[in-house]
Amino acid sequence: MRDLARRPAAEIRAGMLAILPAIVAMVPFGLLLGQQAAAKGLTPLEMLAMSSIVFAGSSQFLAVSLWTFPAQASALALAALLINLRHVLMGASLSAKIEHFGWLRFPAVHVMADEVWAVGERRALEGPLTVPFWFGAGLFLFLSWQCMTVLGTLLGSLIREPERFGFDFAFPAIFIALALGFWKGWRTAPVMAASALVAVAVHAAVPGAWYVVAGAGAGILAAVLAAPADAEVRP
Amino acid sequence: MTIDPHNLLAILAMGLATYATRVAGLFLAGRLPRTGRVRIALDALPPAVLTAVIAPALVEGPAEAVAGAVTALLAFRLPLIATVAIGVAVVAGLRAIGW
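Line by line, the protein sequences give chains A and B. So for the first sequence, numbering that gives the first Met the number 0 puts the first residue at 0; every next one is plus one. So for the second sequence, numbering that gives the first Met the number 0 puts the first residue at 0; every next one is plus one.
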């Protein structure tokens with residue numbers, strides 16, 4: 000088993016097998032993202048550029064839902080930064096396990112989607128995380144994501160009147176489900192309530208995507224204020 | 000098959016911001032606080048951002064508000080794709096009856 004694990008081809012195959020269920024689960028979301036992007040007027044080539052340069056599912060959904068013409072680069076970048084801050088923690092946890100990658104660490108983190116990180120961390124529990132395993136999983140997901148999202152833009156432009164079928168509600172529905180995935184009992188309630196109230200108020204008063212930043216800031220403030228006092232004094 | 004320069008700029012800015020979060024972890028490993036205010040703020044970030052994104056869309060009308068509430072209840076019980084499918088069906092149904 001150990002000898003087998005050292006062979007690059009076997010490691011690539013193991014990485015691809017580990018990520019396969021995540022890829023299957025992502026097919027409808029990739030198609031949906033492409034369809035929504037096409038509805039906003041983005042071209043297949045722009046979708047391909049976003050899926051390769053950004054390659055972060057939830058921030059791409061967020062960006063497409065906020066997209067305006069001309070695109071607001073600063074607001075979109077700030078929103079992407081905020082929603083992807085969790086990558087800092089994921090990368091910090093992964094850091095020691097990919098130290099032996101050398102300079103390959105820098106391209107390696109670009110393919111660190113949530114799912115790739117998860118299978119990499121799981122692999123690291125059983126033995127050393129190898130370069131072929133990591134890129135086998137990471138590049139497989141990376142290339143599949145380009146295919147799904149671009150295919151979505153090509154198919155999506157065929158759908159007329161998406162509101163009639165409620166397709167425009169797919170985004171809010173996905174975000175509700177994703178947000179509640181972070182539900183940690185009732186202490187999450189003040190975070191979401193503060194965020195929702197401030198976002199609705201700023202959305203009504205200020206044009207552009209700034210309501211996301213304002214709402215998120217209010218939610219974080221609520222989390223810090225609602226936290227038990229002893230959490231602040233501990234190192 | 001074209002790329003609008005404004006769109007390309009926005010994509011590059013998003014890409015830079017996202018890569019910064021991915022590479023920062025390599026340099027910050029072991030230096031991030033595991034307790035305290037910073038950790039509480041980081042933990043609250045994803046639900047706070049996601050809630051801020053959707054909240055205005057849910058107060059657009061009664062169909063969106065009702066479908067949003069249904070989706071939230073289902074999200075605790077059902078897998079993501081089933082929750083989204085039912086949420087979309089509820090909003091389409093309510094709009095069809097004129098809500």
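Any given hint could be a false lead.
Where chain A lies over chain B, by a calculated footprint (3+ residues, C-beta under 8 Å) [stated by the list, open to error]:
1) 1 to 7
2) 16 to 24
3) 39 to 53
4) 76 to 89
Derived by calculation from the structure, the hints in this document are not laboratory data. Just so you know, even glycine gets a beta-carbon here, dropped at the ideal spot from N, CA and C.
Taking the hints in turn, this is what the structure says about them:
With a threshold of 8 Å between beta carbons, the proposed coverage of the region 1 to 7 of chain B by chain A holds, since 6 of its residues qualify and at least three are required. With 9 residues having a beta carbon nearer than 8 Å to a beta carbon of chain A, the region 16 to 24 of chain B meets the requirement of three or more and the stated coverage holds. Requiring three or more residues with a Cβ within less than 8 Å of a Cβ of chain A, the coverage given for the region 39 to 53 of chain B holds, as 15 such residues are present. For the region 76 to 89 of chain B, the assignment as covered by chain A holds, since 8 residues bring a beta-carbon within under 8 Å of that chain's beta-carbons and 3 suffice.
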